[in-house]
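Participant: Read off the chains here:
There are 2 protein chains.
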Amino acid sequence: MNASQRPLLSQASRPLTVEIPAINEHGETVPTAIAGEHPLTLYVDKREIVTLMTLGAAPEALTIGWLRNQRLVRSLDEIASVQVDWEVDAVSVTTRNGLRDADEKLGSRTVTTGCGQGTVFGGLMDEIDQVRLPHDRLLKQSTLYALMEAVRHHESIYKQAGAVHGCALAQATPGGCEILMFFEDVGRHNAVDAIAGQMWLDGLEGADKIFYTTGRLTSEMVIKTAQMGIPFLVSRSGLTHMGWQIAQNIGLTMVGRAQGKHHLLFTGADRFVRD
Amino acid sequence: MNASQRPLLSQASRPLTVEIPAINEHGETVPTAIAGEHPLTLYVDKREIVTLMTLGAAPEALTIGWLRNQRLVRSLDEIASVQVDWEVDAVSVTTRNGLRDADEKLGSRTVTTGCGQGTVFGGLMDEIDQVRLPHDRLLKQSTLYALMEAVRHHESIYKQAGAVHGCALAQATPGGCEILMFFEDVGRHNAVDAIAGQMWLDGLEGADKIFYTTGRLTSEMVIKTAQMGIPFLVSRSGLTHMGWQIAQNIGLTMVGRAQGKHHLLFTGADRFVRD
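Protein sequences, first through last, are from chains A and B. Position 174 of the first sequence, counting from 1, maps to 174 under this note's numbering, and the rest follow consecutively. Heads up, this note's numbering is the position in the second sequence plus 275, with the first residue counted as 1.
What the hints contain is simulated information worked out from the structure, not anything from laboratory work.
Counterexamples of contact, computed for chain A against chain B with all Cβ distances above 10 Å:
id, residue
1, R6
2, Y43
3, K46
4, S92
5, R96
6, Q130
7, E149
8, T173
9, P174
10, L201
11, D202
Pairs of lysine to aspartate or glutamate, EDC-like flavour, derived with a Cα cap of 20 Å:
id, chain 1, residue 1, chain 2, residue 2
12, B, K415, A, E28
13, A, K261, B, E300
14, B, K536, A, E28
15, A, K261, B, E303
16, A, K140, B, E303
17, B, K536, A, E25
18, A, K140, B, E300
19, B, K415, A, E25
Yeah, the Cβ is synthetic: ideal placement off N, Cα and C, and Gly gets one too.
The whole structure should be built from the sequences, with the hints applied where relevant.
Facilitator: Below you can see the structure in the form of structure tokens.
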């Protein structure tokens, strides 16, 4: 994509934590850092689409990734500009040729599982069958362990304030595993969307990547990982039956309950190498 | 409410966990219980409203509570019947006089924070200022400790399969604290809604109750607790800035990071008694 096609972006990150006084079990007042949470109303070509509740760390990437994961935009060059204005808690997106199938897709809503994307407008579920994940990619157990170690150093806001979910995009290196980007948000679905948006902005493909989430492996997490073309999904949490079924159907390699040296390989064992 | 006004309910609970084979870090195949997750499309008077992803433990209470918390129904007697049919993953609600402000409310959507209610249609946020919580109710620290102890025995699915959130409705007793109902779901917002629905079905008021959640104290959890008229919100997790601001504004007594003997009192200290 040439420079002229890159969207114009604001850089409107919010302070991520706030310190409040809390009273502990002994009656002592202790300063406590808590995570920010802000409404962000998304307008596309002046049409109000949805309001997202977000930490506000990466609102531009979040907006682009949300549109991408909703399949409302198929490539970054469809977006002319993304301008966040916290004065009015709004982000204004201008497209080059309008949203595709907007009316049709915005017509039907799915409220997905808990920490999953709050709302999935029509289309996403339908298209999952068309996803093809590369089968020539492998995940070494040593790479997985390196990822676990790398992730431990990234959950800054969680360690500080809790109440956020983290997602990481990682890649195996000769020596181990490198985290390319790490997003945290009060909504896990926001962290996923922010990664999807940043992948577009950085021109990254998913085939050789590993997606890590602190959250649960629900149907919607599996679908989004696959939609991003990423064959590996790793979580320190558990899994739902529907997430497992979809991961099996599309041949995603999914590892859950990954903490330190422990993990459970749920699906896609053909891509996993114990070394 | 006389019996004739009580809605006709199906009793369509789904199996809560499924056992799948997983491969652990040593390459051993271990049978692993995972939580169910099912789409449930909600029709009201034959109009499709939304699709919820749920564990399926209490779909009727979930449906009623969802309509209640969306402020689409103001009292149980507005609902004539709630019929769940898992053959088609649908729940059909028949109202006595139609949904109020349906078009207006279904027109605007808010995707709330992560584990929060996936979608809040218009209205909920607007009405929070009208909420009045009783100030003559008190929460003793000993009651809080009794609640923590009682909760430990209820998270059956979580202990078995993880990947679910739990919510409890509790009440102080002379001796300690009694859990009146406990719901788990793959979506925490579902567990909250199921409690709201069951409170209506059981004719329970919120003023003398304590609401417990395993999940985070986001704006939407605070709003829903207040909308149910419950002055006490307890969580073992952290909170967000917006959750804190709203709890302060409406005078909710909110305790977070509650685990064993530890807890942090965030707001509404006037109702908390250290005994």
